[in-house]
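Each protein sequence line maps, in turn, to chains V and R. Counted the way the working numbering counts, the first sequence spans residues 13 to 596. Counted the way the working numbering counts, the second sequence spans residues 13 to 596.
Don't read these hints as lab results, they were simulated from the structure. Keep in mind that the hints are not guaranteed to be accurate.
Copies of the same chain look alike in the list, so a pair counts if it fits in one copy or across any two.
[As the list claims (entries may be wrong)] Pairs of lysine to aspartate or glutamate residues, derived as EDC-like cross-links and limited to a Cα-Cα distance of at most 20 angstroms, are as follows:
(1) 507 - 369
(2) 137 - 528
(3) 320 - 467
(4) 320 - 449
(5) 222 - 153
(6) 298 - 377
(7) 228 - 242
(8) 593 - 583
(9) 76 - 502
(10) 116 - 503
(11) 315 - 109
(12) 116 - 528
(13) 32 - 254
(14) 150 - 167
(15) 76 - 167
(16) 342 - 63
(17) 451 - 132
(18) 531 - 72
(19) 412 - 398
(20) 342 - 384
(21) 412 - 69
(22) 32 - 257
Listed here are the chains, written in short residue letters.
2 protein chains.
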Amino acid sequence: MYRTHHCGALNLTNQGQKVKLSGWVKITREHGGMIFIDLRDRYGITQLVFDMNRNKDLCEKAKKLAREFVIQIEGEVIERINKNPEMATGDIEILVDKLDILSKSEIPPFTIEDKSDGGEELRMKYRYLDIRRNPVRKALELRHRFTKEVRNYLDSKQFIEVETPVLINSSPEGARDFLVPSRLNQGQFYALPQSPQLFKQLLMVAGLDKYFQIVKCFRDEDFRADRQPEFTQIDCEMSFVEQNDILETFEGFAKHIFKSLKNMEFEGSFPRITYEDAMNLYGSDKPDIRFGMKIHELNNLVKGKGFKVFDDAEYVGGICAENCSEYTRKQLDALIDFVKKPQIGAQGLVYVKYNTDGSLKSSVDKFYPEEELKKWAEAFNAKPGDLLLVISGKKTQSQKALNELRLEMGNQLGLRNHEVFAPLWVVDFPLLEWDEENKRFHAMHHPFTSPKLEDIALIDTDPGKVRANAYDFVINGVEVGGGSIRIHQEELQQKMFGLLGFTPEQAQAQFGYLLDAFKFGPPPHGGVAFGLDRWVAMFFGSSSIRDVIAFPKNNAGRDIMIDAPSQISQEQLNDLGISIKPLK
Amino acid sequence: MYRTHHCGALNLTNQGQKVKLSGWVKITREHGGMIFIDLRDRYGITQLVFDMNRNKDLCEKAKKLAREFVIQIEGEVIERINKNPEMATGDIEILVDKLDILSKSEIPPFTIEDKSDGGEELRMKYRYLDIRRNPVRKALELRHRFTKEVRNYLDSKQFIEVETPVLINSSPEGARDFLVPSRLNQGQFYALPQSPQLFKQLLMVAGLDKYFQIVKCFRDEDFRADRQPEFTQIDCEMSFVEQNDILETFEGFAKHIFKSLKNMEFEGSFPRITYEDAMNLYGSDKPDIRFGMKIHELNNLVKGKGFKVFDDAEYVGGICAENCSEYTRKQLDALIDFVKKPQIGAQGLVYVKYNTDGSLKSSVDKFYPEEELKKWAEAFNAKPGDLLLVISGKKTQSQKALNELRLEMGNQLGLRNHEVFAPLWVVDFPLLEWDEENKRFHAMHHPFTSPKLEDIALIDTDPGKVRANAYDFVINGVEVGGGSIRIHQEELQQKMFGLLGFTPEQAQAQFGYLLDAFKFGPPPHGGVAFGLDRWVAMFFGSSSIRDVIAFPKNNAGRDIMIDAPSQISQEQLNDLGISIKPLK
Chain V
13 MYRTHHCGAL NLTNQGQKVK LSGWVKITRE HGGMIFIDLR DRYGITQLVF DMNRNKDLCE
73 KAKKLAREFV IQIEGEVIER INKNPEMATG DIEILVDKLD ILSKSEIPPF TIEDKSDGGE
133 ELRMKYRYLD IRRNPVRKAL ELRHRFTKEV RNYLDSKQFI EVETPVLINS SPEGARDFLV
193 PSRLNQGQFY ALPQSPQLFK QLLMVAGLDK YFQIVKCFRD EDFRADRQPE FTQIDCEMSF
253 VEQNDILETF EGFAKHIFKS LKNMEFEGSF PRITYEDAMN LYGSDKPDIR FGMKIHELNN
313 LVKGKGFKVF DDAEYVGGIC AENCSEYTRK QLDALIDFVK KPQIGAQGLV YVKYNTDGSL
373 KSSVDKFYPE EELKKWAEAF NAKPGDLLLV ISGKKTQSQK ALNELRLEMG NQLGLRNHEV
433 FAPLWVVDFP LLEWDEENKR FHAMHHPFTS PKLEDIALID TDPGKVRANA YDFVINGVEV
493 GGGSIRIHQE ELQQKMFGLL GFTPEQAQAQ FGYLLDAFKF GPPPHGGVAF GLDRWVAMFF
553 GSSSIRDVIA FPKNNAGRDI MIDAPSQISQ EQLNDLGISI KPLK
Chain R
13 MYRTHHCGAL NLTNQGQKVK LSGWVKITRE HGGMIFIDLR DRYGITQLVF DMNRNKDLCE
73 KAKKLAREFV IQIEGEVIER INKNPEMATG DIEILVDKLD ILSKSEIPPF TIEDKSDGGE
133 ELRMKYRYLD IRRNPVRKAL ELRHRFTKEV RNYLDSKQFI EVETPVLINS SPEGARDFLV
193 PSRLNQGQFY ALPQSPQLFK QLLMVAGLDK YFQIVKCFRD EDFRADRQPE FTQIDCEMSF
253 VEQNDILETF EGFAKHIFKS LKNMEFEGSF PRITYEDAMN LYGSDKPDIR FGMKIHELNN
313 LVKGKGFKVF DDAEYVGGIC AENCSEYTRK QLDALIDFVK KPQIGAQGLV YVKYNTDGSL
373 KSSVDKFYPE EELKKWAEAF NAKPGDLLLV ISGKKTQSQK ALNELRLEMG NQLGLRNHEV
433 FAPLWVVDFP LLEWDEENKR FHAMHHPFTS PKLEDIALID TDPGKVRANA YDFVINGVEV
493 GGGSIRIHQE ELQQKMFGLL GFTPEQAQAQ FGYLLDAFKF GPPPHGGVAF GLDRWVAMFF
553 GSSSIRDVIA FPKNNAGRDI MIDAPSQISQ EQLNDLGISI KPLK
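I would like the entire structure built from these sequences, with the hints used as guidance.
And the structure:
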């Protein structure tokens, strides 16, 4: 037996007991004829003490220990003189009388401390050492408890977890698939699922009524910051439901998650905002509503006053930053630079300082006298001391820029505390989005998303206006989940395919097995999928999903710890009947 | 809202209530001016009744319903005249006054009944209809409850579930990997994991102490009956443990599973049988101990009596089939044919009838008079009425044949009831097995399995004799799990690699990242993995894992429902930088 207790277990109630502990040497120090060692395992740290006067040989052995050696000791629990109230074991130490070295360690490439000196690249290469650090281990523990609560809740609501296959067929729609050449069926390929979408719909046709799965999904993207080629979804589907049934069920779900993991309760329902309102008020379909600072359109107030920039603009709108009227020239210039960055793309920024003395001062005084600016201030419900920031241009682009500006101001003003959570539903997404390049409509969600009943007539007259039974779950400006009510009526599905430019043959080739299934009594159904990595990262207070994945890949899709992907043997290529094309 | 209740919910306490139900039409029948419909959903069946005298139009509409139509009805819960005590809802029926058809169904290709008329191929093609059948749905429900209990138990013992990556590196050892060409790193490939073995060991180096994961694994095998290219493991690893710690932990685990899913309790510990005993007593390293009928070696008794077959044999041994002395010539011939089948491979079968009158009659009377046979009978502890069955030849081959014969006799005598469960541990597996073809040793378990401390000296003198800290968990003759204590000492690991014929360079190339990790203080650790599909299938009373997988593949590795794998586009091949070799 390697241990009687773990390293977080002992306290004064164990005083006088003979114990056996195992763990990692965190630190050793000598002091007045004694050697002290902090012994660490997953559960905590226990101080060991070796007394020169008691056992010189043992002390000599202990002196040779270095950081991260794995040792086993036997000794007696004694009361500490210098107690450490910060530690669970801080009242005691172990007076050691037996020491075994279980394995040695080279000097680790970075310190195993809460704040390490290792950069991300190095920590990823030695991820097994990184995980020894408290913050990383705690992230994995949080993830474990998170999935446990997910399962507990959904099980209690009669959802069944079903594993869907990983080796499936490639589907040309959407993002790129990872492909797997078949050895037994040469020339053919499996694909790894981007989501179990079609399978969960089949499970509804199969009558399972309530399905969920915590499941790996795969997307062969050109990697961007904070995307992973493999990621994990909480995938859910229900039968005989309308949109409101889904929202209510998963509002209960989210509340359970908040309560059990963050001990947070929410009064009443989560806000539900239409897509249209979200765009108009926040410039985003995933608004961060931890703070107000809503966008106001100013077209009516600002046009026709001789300022060509506004007169020519499709849209003029802005936000009101409270108590920022004293922003310096330098701060204002920084904001102008911020909105002009290519990824934000505004042409400029007009500001109005509503000074504490009640006067108003803007960067466009030439065109707008103080009484005009007063009207602007009223539109924002601004008060003396506030700062108005106004952007103009194309509507969508300006709204998006205002969204970025609003978030930036939220950051500057400390309004985006990562321990405050503001969940909401965004509903009534458009069914279709227009692809200007290919002059055709795409499904905004996917081709099985149902239109709102009251908008069905618009399909023939103004398809871009049709709203879908589609919804996103958003927390703090992050899209944590999304879903839709699916089409279960054959005629409507055919109409949708027509709208999306699929010939019946193409639809059959691509979705044949789902369409076949729909010939045998599909129930009305809908669902939602949540991004586990993202939600856990948010609860962990991290902006990167890599922090909550045990072995993440880097932005080039490589696992730098195991150095994957890698070359394979010619024999393996031969087995698969494929060859590698020479690079052009 | 589609329903106020599901189809298994209503009983006499609901009498008089107005309800709304949705579900599938299971069957319709007319009787005396009434139309009766069984409405089915996941939760049960409720009888609907349409009364011609009340509402003729409604009845006309109901008459047009066919099997598997999805409908929604409103009506009143009334007491049934002909109650059905077999059904939860058997005391009531719904007098319908509103009917909506939610979707229609073609005639399903097989009947949606507990005993269907569909063959397996057809049922797999239309798996979404197959799952509507009670037995298939119940298998998936059982699997859900099983994984839930696995997680509950392991969580309560402080195991953390950690997701390990699916896109990893190919490892040339063991079975063939499925490979995934990398688009961003052309000419390089990911592999899908055959198990998370190396990652779980890294998590121990990382100090996680207790890890588990219910995880998909992949093996590109030439498919045999009841193998699937993707399968699910319950994968576990612990630090600071010896073999006994693992066996005790997972005995508790197994007992929890038996108790919670089968309501079965076991007195005391599960039997632990050494590999050697298992081979000698059962001819198998996964003995079915639901019944005795152990194998006895007879070499000492039978040799030197002039029967050349036995004299020349390395091994003579047999089993005693109780109360089978009256087996007919035909039955005995069938047994002889059975053992001579190529996959069993015995040369023949000698039998001794211990007649109820106390006389003994054998197929080798010429060489062995009755007093000799008496000694055989004593060796078996046989009694009048029993039948001895004896096989001779090479030792290993004969033992294996006796195992098959024993299982066959167990079947014939009804000793293998699939509602009886006899779990055990098989321990002390050999560390190495000799590969006659390549004249080298292979690791029986894997190259990180540790030898028994007391056998370490044998590594240099007689490596084939070294026993490993390796164990299998066996239920009813099926290997349900297996694992080992790993090597954490560098010198021992190097020695093992030498024994297995790895040069240091090869070892580094193949296991480099684990060996690197082991430089930084690996703890002693070990683990076990259980085959989820197999264990659930056993609890479900099925011999095929396909029965407990929602969407299984066939023996050629094809998903015949979605017709995967399939061809991909030239554009996809170009993206990946690979080409398909023409078939030779």
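Now the hints, each set against the structure:
no. : hint      : in the structure
1   : 507 - 369 : neither (62 angstroms within a copy, 84 angstroms between copies)
2   : 137 - 528 : between (48 angstroms within a copy, 11 angstroms between copies)
3   : 320 - 467 : neither (38 angstroms within a copy, 91 angstroms between copies)
4   : 320 - 449 : neither (30 angstroms within a copy, 88 angstroms between copies)
5   : 222 - 153 : between (28 angstroms within a copy, 11 angstroms between copies)
6   : 298 - 377 : neither (35 angstroms within a copy, 89 angstroms between copies)
7   : 228 - 242 : both (6 angstroms within a copy, 14 angstroms between copies)
8   : 593 - 583 : both (16 angstroms within a copy, 13 angstroms between copies)
9   : 76 - 502  : between (76 angstroms within a copy, 19 angstroms between copies)
10  : 116 - 503 : between (70 angstroms within a copy, 12 angstroms between copies)
11  : 315 - 109 : neither (86 angstroms within a copy, 61 angstroms between copies)
12  : 116 - 528 : between (62 angstroms within a copy, 13 angstroms between copies)
13  : 32 - 254  : between (59 angstroms within a copy, 15 angstroms between copies)
14  : 150 - 167 : between (25 angstroms within a copy, 15 angstroms between copies)
15  : 76 - 167  : neither (53 angstroms within a copy, 38 angstroms between copies)
16  : 342 - 63  : neither (62 angstroms within a copy, 83 angstroms between copies)
17  : 451 - 132 : neither (44 angstroms within a copy, 46 angstroms between copies)
18  : 531 - 72  : neither (80 angstroms within a copy, 23 angstroms between copies)
19  : 412 - 398 : neither (22 angstroms within a copy, 88 angstroms between copies)
20  : 342 - 384 : neither (26 angstroms within a copy, 110 angstroms between copies)
21  : 412 - 69  : neither (71 angstroms within a copy, 56 angstroms between copies)
22  : 32 - 257  : between (55 angstroms within a copy, 15 angstroms between copies)
The structure shown violates the earlier hints numbered 1, 3, 4, 6, 11, 15, 16, 17, 18, 19, 20 and 21.
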